[in-house]
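Engineer: For the protein sequence lines, the chains are X and F, in the order given.
This note's numbering puts the first residue of the first sequence at 79, with every later residue one more than the last.
This note's numbering puts the first residue of the second sequence at 33, with every later residue one more than the last.
Keep in mind the hints are simulated off the structure, nothing from the lab.
Since the structure is predicted, the reported quantities are computational estimates derived from the model, not experimental observations.
One or more hints might be untrue.
If you anchor each label on the Cβ, the simulated ranges turn out as follows [unchecked claim]:
1) G48(F) / E103(X): 30 to 40 Å
2) E103(X) / E337(F): 52 to 62 Å
3) T82(X) / E525(F): 26 to 36 Å
4) P137(X) / A524(F): 22 to 32 Å
5) P646(F) / G134(X): 29 to 39 Å
6) T82(X) / G665(F): 39 to 49 Å
7) E103(X) / S886(F): 53 to 63 Å
8) S148(X) / E534(F): 32 to 42 Å
9) P137(X) / S531(F): 19 to 29 Å
Example chain F residues on the side facing chain X (calculated, C-beta under 8 Å, incomplete) [unchecked claim]:
10) W343
11) G369
12) T580
13) P621
14) E650
15) S666
Dumping the calculated DSSO-like pairs for lysine-lysine here, alpha-carbon to alpha-carbon at most 30 Å [as the list claims (entries may be wrong)]:
16) K99(X) / K416(F)
17) K429(F) / K821(F)
18) K416(F) / K304(F)
19) K821(F) / K433(F)
20) K304(F) / K263(F)
21) K99(X) / K821(F)
Idealized CB from N, CA, C, for every residue including glycine.
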Amino acid sequence: MDATPPHVRLANDIAAQFAHKPLDEAARQVAAHIRSFWEPRMRSALVAHLAAGGAGLDPVARRAAEELRSASVR
Amino acid sequence: MSLLKEPDHGTPAREGAATVELTVDGIPVAVPPGTSVMRAAKLAGVDIPKLCATDSLEAFGSCRLCLVQIDGARGTPASCTTPVAPGMVVHTQTDKLAKLRRGVMELYISDHPLDCLTCSANGDCELQDMAGVTGLREVRYGSGVDAGANHMDAPKDTSNPYFDFDASKCIVCSRCVRACDEIQGTLALTIEGRGFDSKVAAGAGVPFFESDCVSCGACVQACPTATLQEKSVVELGMPTRSVVTTCAYCGVGCSFKAELRGDELVRMVPYKDGGANEGHSCVKGRFAFGYATHPDRVLTPRVRESFTDPWREVSWEEAISFVARRLREIQAEHGTGSIGAITSSRTTNEEVYAVQKMVRAVFGNNNVDTCARVCHSPTGYGLKQTFGTSAGTQDFKSVAKADVILLIGANPTDAHPVFASRMKRRLRQGAKLIVVDPRRIDLVRSPHVEAAHHLALRPGTNVAVVNAMAHVVVAEGLVDREFVAERCEGFAEWEEFISRPEHSPEAVEDITGVPAEELRAAARLYATAGNAAIYYGLGVTEHSQGSTMVMGMANLAMATGNIGRDGVGVNPLRGQNNVQGSCDMGSFPHELPGYRHVAEDDVRGIYEELWGTPILPEPGLRIPNMFDAALDGSFRGLFVQGEDIAQSDPNTQHVHAALAALDLLVVQDLFENETAKFAHVLLPGTSFLEKDGTFTNAERRINRVRPVMAPRTGKHEWQIVCEIAQAMGYPMHYDSAARIMDEIALTTPTFAGVSFDLLDRVGSVQWPCHDEAPEGTPIMHVDGFVRGKGRFVETTYVPTRERSTRRFPLILTTGRILTQYNVGAQTRRTANVAWHPEDVLELHPHDAEERGISDGDMVVLSSRVGRTTLRAVLSDRMPVGVCYTTFHHPVTGANVVTTENSDWATNCPEYKVTAVQVALAPEQAAVREELTARPVPAAGE
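Construct the complete structure from the given sequences, taking the supplied hints into account.
Structural biologist: Structural data, given as structure tokens:
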């Protein structure tokens with residue numbers, strides 16, 4: 079069984095769909111998708127995972143998580 | 033035959049203006065060209081005697097009872113096969129005709145048992161009626177055994193669980209054979225022999241049960257005598273009252289007349305005026321209703337402190353009070369978001385609406401999801417992104433105008449049989465068929481139907497295939513540029529994307545396994561054959577790229593201009609009766625009713641004002657998220673309405689662990705299902721025969737579900753939800769289900785004006801309903817897309833993580849079979865188990881031989897998450913390397929092996945791709961015995 083936390087696995091799945099786009103554009107769309115469809119505690123878990131080093135996040139998902147983090151800071 | 037008869041015009045209607053004027057018995061009438069004299073007469077109010085004619089079938093002209101005289105014409109032609117002509121003067125009642133008809137009836141009766149008083153069709157027999165109408169008073173040839181050679185001793189075939197075939201009562205009118213051919217399209221029946229030896233036969237000398245008959249009931253419906261008769265009528269007698277309602281099985285949503293004696297349901301008869309089915313049915317809707325009165329039904333609420341304790345039967349008051357108290361306690365300890373609910377696609381719109389309202393207004397969160405999460409949630413996402421609304425584009429009738437049908441990941445002859453019959457009718461008329469499916473489903477080649485192309489792709493490569501088809505359309509200049517320029521946006525970027533060489537059929541051939549030339553030919557056919565219609569099922573959505581594939585199909589339809597008229601479109605075949613409705617009603621955790629996001633202030637404002645409570649602007653948890661949150665301890669209480677998540681959801685061990693971790697699990701269901709084994713409260717649910725409300729089918733048709741009998745539990749399900757809400761301190765009350773629909777119509781723009789009164793008046797409506805279309809919209813996006821312009825979306829093919837390996841070298845895909853439905857809770861409690869008593873594993877003979885497996889062997893099916901044991905069936909309709917099973921029986925539990933992989937956008941599980949290994953079970957006899965010994969519900973009557 080895959081031990082990857084669900085929020086990391088799901089964020090990477092979304093990111094893979096936008097991987098053909100430039101990084102910033104892809105990350106923006108991934109972050110928008112997560113904001114639209116993820117319950118806040120899942121978003122918090124992703125941001126917390128990023129703060130803890132973000133192990134396992136692919137580059138697009140990582141950038142999206144950063145965008146979500148800065149939005150939540152604002 | 034049916035007790036409460038709709039008018040029968042004898043022959044089918046013809047399209048066109050009523051331009052042909054004639055008189056029948058002096059009465060003027062105007063009808064469309066091609067109409068039969070018989071039908072014209074009926075429209076003029078004149079009934080012509082008939083036996084072999086009925087308006088669901090083309091005229092046959094065999095019984096010679098419908099003879100008429102026409103001024104200027106010789107002889108006495110059959111009115112059923114004679115088309116009208118301008119100025120025709122028809123006489124239906126003359127002495128000559130009366131004599132001829134009596135003579136015909138004498139011959140029929142001379143070879144028919146005269147046991148009318150003890151016959152099961154007494155009072156519902158057209159032969160009996162015609163004997164009366166023709167004034168038959170004597171039979172000069174004698175009757176029965178006195179008449180010489182006869183068929184009185186012809187054998188009775190009682191092999192079918194639901195109907196008998198009594199050949200002694202057959203008048204060889206061929207209505208049953210023609211119904212099987214023309215309506216059902218199975219062609220299982222025939223007339224065997226010649227002349228006096230002619231008889232109806234199901235296949236070559238085999239009983240009905242062993243024949244190709246699919247028990248749809250069309251032959252029973254068509255039979256004018258007691259020859260083909262429901263066993264229930266034979267046993268119980270003729271029904272005395274009838275209620276028109278809607279089937280509770282698949283997403284076709286057939287209308288039926290429930291025919292009863294008092295409160296006892298005798299039979300279900302398909303309703304001719306039902307918009308979805310127009311008088312047709314399948315074995316489930318027509319016959320498999322015995323579960324509703326099965327002794328396994330839970331009728332009294334049950335409560336227990338721990339799911340390991342025995343149940344305690346309690347009053348409704350105690351159960352509701354327990355649920356409310358525990359939910360509030362959990363919220364007090366763990367927060368507002370620690371509880372939630374799952375709505376069901378098997379309950380009514382009104383029941384679903386009540387649950388999502390309870391979650392939003394009383395629980396104070398958006399933690400509501402629905403079982404569509406695990407089937408068609410990618411349809412909701414994909415069609416909203418591209419077209420602007422989460423629904424199929426056509427009505428079912430539209431398929432009759434299609435010139436080419438692209439069928440992707442759907443097996444309608446098993447899962448949506450009544451729609452499949454419509455589709456097969458069109459294919460027999462010459463429409464072309466393209467099948468995209470790893471399996472050689474029946475429609476690839478069946479009587480009078482053969483697919484032009486079968487793209488037997490590798491599981492998980494849908495997106496690569498649809499992209500390649502779109503690539504061909506663009507590269508070979510087949511784009512409908514005018515449509516795209518006027519109606520769509522984003523085309524230039526998409527065209528650049530899809531034109532890339534990596535999307536060509538040749539480039540993806542190694543990925544998909546589909547020969548490039550075959551794919552090119554299929555794409556050309558789709559783009560150039562005229563009206564091209566896409567129909568799809570869970571073979572599209574239940575993938576890690578399900579949403580991408582839905583958008584890919586929408587791209588293909590837009591690029592070729594196949595949207596916005598009859599015969600085209602993108603159409604999901606919904607799995608359950610109210611999948612569409614449960615989604616429409618705001619069951620998703622990010623959407624309020626009508627697919628409006630919870631973040632939209634103005635939409636929230638509508639409900640906040642009406643409900644008098646704030647609504648959270650943030651999405652709630654989806655079903656898989658609920659399971660994850662249950663395991664991390666932040667989600668503690670769950671109300672499950674009519675869904676067996678412990679059996680239907682993937683990765684059973686994970687689901688069971690999550691359910692076991694809950695502090696409170698409330699299950700509302702007909703039976704103590706697999707989920708209820710983890711429950712603390714079991715609230716009895718109502719069957720569709722007891723419900724009062726509406727279902728919305730796959731063509732967005734809102735149909736009435738009328739109570740055939742009072743709730744056996746004493747309460748409607750929406751009442752229970754309201755009482756829980758009230759016990760939690762929120763004033764939620766409705767006088768009736770009709771008032772809930774009134775609230776839905778008041779707050780949901782696409783349901784504007786919908787009410788029980790409207791539905792009772794017009795039969796059904798297809799949303800959207802609004803001022804310009806108060807009675808609905810059969811075809812969507814006619815002059816413009818719901819979102820304005822149709823949006824092209826770049827659909828990157830991202831392979832699933834699930835790959836075959838040395839340890840798990842085969843790919844398992846799952847699906848349904850005709851006689852069973854979903855987790856089988858209903859159909860396993862009917863005689864349908866005669867056809868499918870267990871789930872089996874279909875395996876290609878080559879894969880079997882490599883493993884030393886023979887047909888019928890018990891095998892162990894294992895994946896990286898679990899294993900189960902079931903029987904192997906060798907079948908070359910599976911490609912090498914792919915195996916298949918169904919999930920109707922908890923004994924085998926197919927979802928023990930399915931994984932956590934899901935659609936990237938919606939988390940719809942990837943049921944269709946699991947890497948597995950299959951091995952011969954070591955102790956065949958012991959395994960078979962162990963499997964047999966596991967408890968399963970007994971079949972119903």
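Engineer: If I claimed the Cβ atoms of E103(X) and E337(F) lie 52 to 62 Å apart, would that claim hold in this structure?
Structural biologist: Holds, since E103(X) and E337(F) (Cβ atoms, about 54 Å apart) stay within the stated range.
Engineer: Need the status of pair K99(X), K821(F): alpha-carbon distance at most 30 Å?
Structural biologist: 23 Å, holds
Engineer: Does W343(F) pass the interface check with chain X, least Cβ-Cβ distance below 8 Å?
Structural biologist: 33 Å, violated
Engineer: Does P621(F) pass the interface hint, meaning its C-beta sits closer than 8 Å to a C-beta of chain X?
Structural biologist: 7 Å, holds
Engineer: Starting from the hint 30 to 40 Å, judge whether the C-beta atoms of G48(F) and E103(X) obey it.
Structural biologist: With Cβ atoms ~54 Å apart, the hint is violated.
Engineer: Would the stated hint for T580(F) survive a check requiring a Cβ distance to chain X of less than 8 Å?
Structural biologist: 6 Å, holds
Engineer: Indicate whether the distance between the beta carbons of T82(X) and G665(F) respects the range 39 to 49 Å.
Structural biologist: 19 Å Cβ-Cβ, so the 39 to 49 Å window is violated.
Engineer: If you check the beta carbons of P137(X) and S531(F), does the distance land in 19 to 29 Å?
Structural biologist: 27 Å, holds
Engineer: When the nearest CB of chain X is found for G369(F), is that gap smaller than 8 Å?
Structural biologist: 7 Å, holds
Engineer: Sort out whether K416(F) lies within 30 Å of K99(X), counting only the CA atoms.
Structural biologist: 22 Å, holds
Engineer: Within 26 to 36 Å: is that where the Cβ-Cβ distance between T82(X) and E525(F) falls?
Structural biologist: 33 Å, holds
Engineer: Please verify whether K304(F) and K263(F) have alpha carbons no more than 30 Å apart.
Structural biologist: The hint holds at about 22 Å.
Going through the hint list in order, the structure does not satisfy hints 1, 6, 10, 18.
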